[in-house]
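Colleague: Listed here are the chains, written in short residue letters.
There are 2 protein chains.
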Amino acid sequence: MSGPLAELEARFRRLHGIEGALAVLTWDQAVWMPSGGAPARGLQIATLRRLAHDILTSPELGEWLEEAAASPVDDPWRRANLREMRRLRTLAVAVDPALVEAAAEATTRAELVWRRAREDSDFALLRPHLEEVVGLERERARQLGAALGLAPYDALLGTYQPGLSDRDLEPLFAPLADRLPDLVDDLLARQQPPRRPRGPFPRAAQKALAERLMRRLGFDFAHGRLDESTHPFCGGTPTDIRITTRYDEADATTGLMAVLHETGHALYEAGLPRDWLDQPVGAARGMAVHESQSLLVEMQVCRSRPFLAFLSGELERAFGPDPALATDNLVRLYNHVARGFIRVDADELTYPLHVILRWRLERALIEGGLEPAELPAAWNEGMRELLGVTPPDDRRGVLQDIHWPVGLFGYFPCYTVGALLAAQLFRAVRAALPDLPRALAAGEFGDLLGWLREKVHGQGSRPEFAELVREASGAPLSCDAFFAHLAERYDVALGSPAA
Amino acid sequence: MSGPLAELEARFRRLHGIEGALAVLTWDQAVWMPSGGAPARGLQIATLRRLAHDILTSPELGEWLEEAAASPVDDPWRRANLREMRRLRTLAVAVDPALVEAAAEATTRAELVWRRAREDSDFALLRPHLEEVVGLERERARQLGAALGLAPYDALLGTYQPGLSDRDLEPLFAPLADRLPDLVDDLLARQQPPRRPRGPFPRAAQKALAERLMRRLGFDFAHGRLDESTHPFCGGTPTDIRITTRYDEADATTGLMAVLHETGHALYEAGLPRDWLDQPVGAARGMAVHESQSLLVEMQVCRSRPFLAFLSGELERAFGPDPALATDNLVRLYNHVARGFIRVDADELTYPLHVILRWRLERALIEGGLEPAELPAAWNEGMRELLGVTPPDDRRGVLQDIHWPVGLFGYFPCYTVGALLAAQLFRAVRAALPDLPRALAAGEFGDLLGWLREKVHGQGSRPEFAELVREASGAPLSCDAFFAHLAERYDVALGSPAA
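So the sequences go chain by chain: V and S. Quick note: the first sequence uses the working numbering, first residue 1, plus one each step. Quick note: the second sequence uses the working numbering, first residue 1001, plus one each step.
Hint data in this document are derived by calculation from the structure and do not stem from the laboratory. Even for Gly, the Cβ is constructed at its ideal location relative to N, Cα and C. Keep in mind that a hint or two might mislead.
To be verified - Here are the computed lysine to any residue pairs in the SDA-like style, where the Cα-Cα straight-line distance is at most 20 Å:
#, chain 1, residue 1, chain 2, residue 2
1, S, K1207, V, P34
2, V, K207, S, W1032
3, V, K207, S, D1251
4, S, K1207, S, V1031
5, V, K207, V, A318
6, S, K1207, V, A318
7, S, K1207, V, D480
8, S, K1207, S, D1251
9, S, K1207, V, M33
10, V, K207, V, F310
Stated by the list, open to error - The following label-pair restraints were derived from C-beta to C-beta distances:
#, chain 1, residue 1, chain 2, residue 2, range
11, V, A124, S, S1071, 48 to 58 Å
12, V, S71, S, A1104, 29 to 39 Å
13, S, E1228, V, T57, 35 to 45 Å
14, S, E1007, V, H231, 34 to 44 Å
15, V, H231, S, R1142, 32 to 42 Å
I would like the entire structure built from these sequences, with the hints used as guidance.
Modeller: Right, here's the structure in full:
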């Protein structure tokens, strides 16, 4: 192959090399870097991001894309690759470079201030910085939207989950906002409190069990690692995946579930199409799809009774017998519902309500209907409406998330779209694999992984979002499978909790 | 500041960012990377090297350098920085890019084959690959030499230690080749065999002691780490230094000395001029100077009786009493001389002989007076002449080092030039700090480090090599201090061993 396509693929291969390097740098920063290394690391990361941006915005890339558009491309992968290249190019050239730079500097400052503001529960400290960031993000959203022919907030949504728009979110989120509060009421009145496991759980034993479970789920340690960091994440590249977690020696159950969640992300990366890994079409289909894979593993599989029966045996083998590690109690423990203030601690029933609050607020922030100064009041009002609780301070309220200070607007919806998609995909895989509950109870995940590889992981970014959802799950995305899942798991009535 | 100098400094700052990223990538590769991550890492590293090369060879960089040359620069640091920029630019543009690429590919292949060839002691397997590499390196040396106005081998030497030429090496190496064999003879007849320490030495205790000693020497763990890898090295960047070692639970003495050696490198990096860290003038002055800093710490300080008296106490506190850990025995153990086959295991008397053998052979290879096919015979003949032993096989002979298969010609002399410079610098620091032996015996290194920071570390690449040697040690480089050091440490007669 030669000509513009070959030139483009070579250039995007280089971009992939830079992105892989960035993944190692950010992983190391979270896991090993000494505090004094921060300024040098900042320069390294900013330099590589700048070089990646230079590649995407170079004039010759634009010329090759125009030349490539002139001739038809038969191979569907190559055609989709060209589409993804165009998308990345459009995003890169849409925004004034001076604005990109100003936003990078403002968010770096705002992140630092946010850490102090959260600690001191002092919104006033963050406010001027957040105002600056919101102002820049409004302008960025406007420029992106103008280039893409989209409304500003849709343009931001699309940077995280291409193909997802606010028009799609309305019919997904309205039933959740409508029904979940009553479901939570119903459940809180009925659920039995779980017994807490007795510790201590030595860190080395927790790590050994986590690695054993990762292996069972299909994680290949020749192509990845498990390490520790303050916040669990999945980083690295598809052939060298870096999962992190944290261990609490008083409680083995939380760190373990974080590992299983991240393993869901990792299996997606590991299953991406081998022949296209260095090209845009070989990347994951978006953040909502990514979250569907971690939540399918965590919420659909690992918090299910069959899996918890298997896990109970593993936990008792690792830490000795304990009534709290029996299956029935694990089911209660891992599916306990509570009206909390903190999103990242939320269960699967209240989590969407936390997201819907943020979605409403950030959309209004970007569209101009809400100013940062109004955020604390609007936040607390939304918490009362959706979750029936009022945060006692801004630390446990509007200051809890890093997203807005660092300029991530349009990201929050991905969590809940991912949860809905996870339920819908799991419904499809259960239909395809009738033996699945027995396999999960036996700790056998091969057939499940095979299905996910074929339908989701191995598709990379070849299909667009809606196409992937339809092809893999057999239907457009809706709340139906999610509500059915909740009804089954929590034994709650659908739609009418009083019935 | 604006104009060409500002543009140049901004561009070299970016280069520094890329080089820092490369340092993290290569460290991670040696310490944590799973085997399956190698191809992706290869792409990341090749991509960043290419981007660095593109920066150095860009037309605008050449134009700015020409513009900058038109006006005088008063500040000596800025002037030296410009000189170093020019040097890097000249090296980058001197060689045909196709040759650079061919050499990168040939050395990658040759390195893989070398690993098998060494394992199987099969020189014939490596030979065609080594012939290809030597052919390409001869041409690279010729092109470099043409651009620099130097003989081909001098051009290669200068890429590792700028300012060092073969004309300098002759008068340094001739006395070593002449006198060391007799000194070794003399010593072998007299030295007492050391007692081996009883193990086991738990790895965690070895690591704790290593970190404690690093701290004593002045290593700041807010700006660095100690980890494990197959081969000890010092990587990272001046504000985030990554030392590695390996631990043998049967013998704590070797891993510990490797850490002390690498700490010498680390202190050099940590002491580079803070204001110029992101510029060429802020980098270390060359590989021979770098080696002088590791060898000053290892050979001059840490294998000396005063330090070993201190270390004896530390070892017994960490591992319990053992007659082998008494000072007298440590002095024998850490200064034991042997005629071995392997360079990296050699003591400080035989090490230069190993280097001189390689220097003679690689110079002849580059100049065309020797062909790779003749190497095994020439190697064994040289070993007989210089060290009085004949390797039983090529694994313990010509195949032992990675340098030539990966295209490192002109590097070996840096080890021994570094050893000579270490002795000469230590002579100067002893004259300046009369109390030094007492301080070393007390484990106090502050004054020593202060002297090194002022005279060597903090100078960066401001002075040229010969200037740095003269300014720091008070004399041009010679063998005198090294021979005096040997005479003192081993109690051997200088020049006339029979005397």
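Colleague: Each hint should be assessed against the structure and marked as holding or not.
Modeller: Now for the hints, and whether the structure bears them out:
At most 20 Å may separate the alpha-carbon atoms for a hinted pair to count; K1207 (chain S) and P34 (chain V) meet this at roughly 17 Å. Pair hint K207 (chain V) plus W1032 (chain S) holds up; C-alpha atoms about 16 Å apart against a cutoff of 20 Å. For the hint linking K207 (chain V) to D1251 (chain S), the alpha-carbon distance of about 29 Å lies beyond 20 Å, and the restraint is violated. Using a Cα cut-off of 20 Å, the hinted pair K1207 (chain S) and V1031 (chain S) holds, with the two alpha carbons roughly 15 Å apart.
With a C-alpha separation of about 10 Å, the suggested pairing of K207 (chain V) with A318 (chain V) holds against the 20 Å cut-off. Of the supplied pair hints, the one linking K1207 (chain S) and A318 (chain V) is violated, its CA atoms being roughly 28 Å apart against a limit of 20 Å. Straight-line distance between C-alpha atoms of K1207 (chain S) and D480 (chain V) comes to about 56 Å, which puts the hinted pair past the 20 Å bound. Note on K1207 (chain S) and D1251 (chain S): the hinted pairing holds, with a Cα-Cα distance of about 13 Å set against a maximum of 20 Å.
Note on K1207 (chain S) and M33 (chain V): the hinted pairing holds, with a Cα-Cα distance of about 18 Å set against a maximum of 20 Å. Between K207 (chain V) and F310 (chain V), the direct Cα distance comes to roughly 18 Å. Compliance with the 20 Å bound is thereby established for this hinted pair. For A124 (chain V) paired with S1071 (chain S), a C-beta distance near 51 Å keeps the hint of 48 to 58 Å intact. At roughly 34 Å, the beta-carbon separation of S71 (chain V) and A1104 (chain S) lies within the given 29 to 39 Å, and the hint holds.
Distance hint check for E1228 (chain S) and T57 (chain V): the Cβ-Cβ separation is about 42 Å, which falls inside the suggested range of 35 to 45 Å. The beta-carbon spacing between E1007 (chain S) and H231 (chain V), approximately 40 Å, falls within the hinted interval of 34 to 44 Å. Checking the proposed 32 to 42 Å range against H231 (chain V) and R1142 (chain S) shows it is violated: the Cβ atoms sit about 54 Å from each other.
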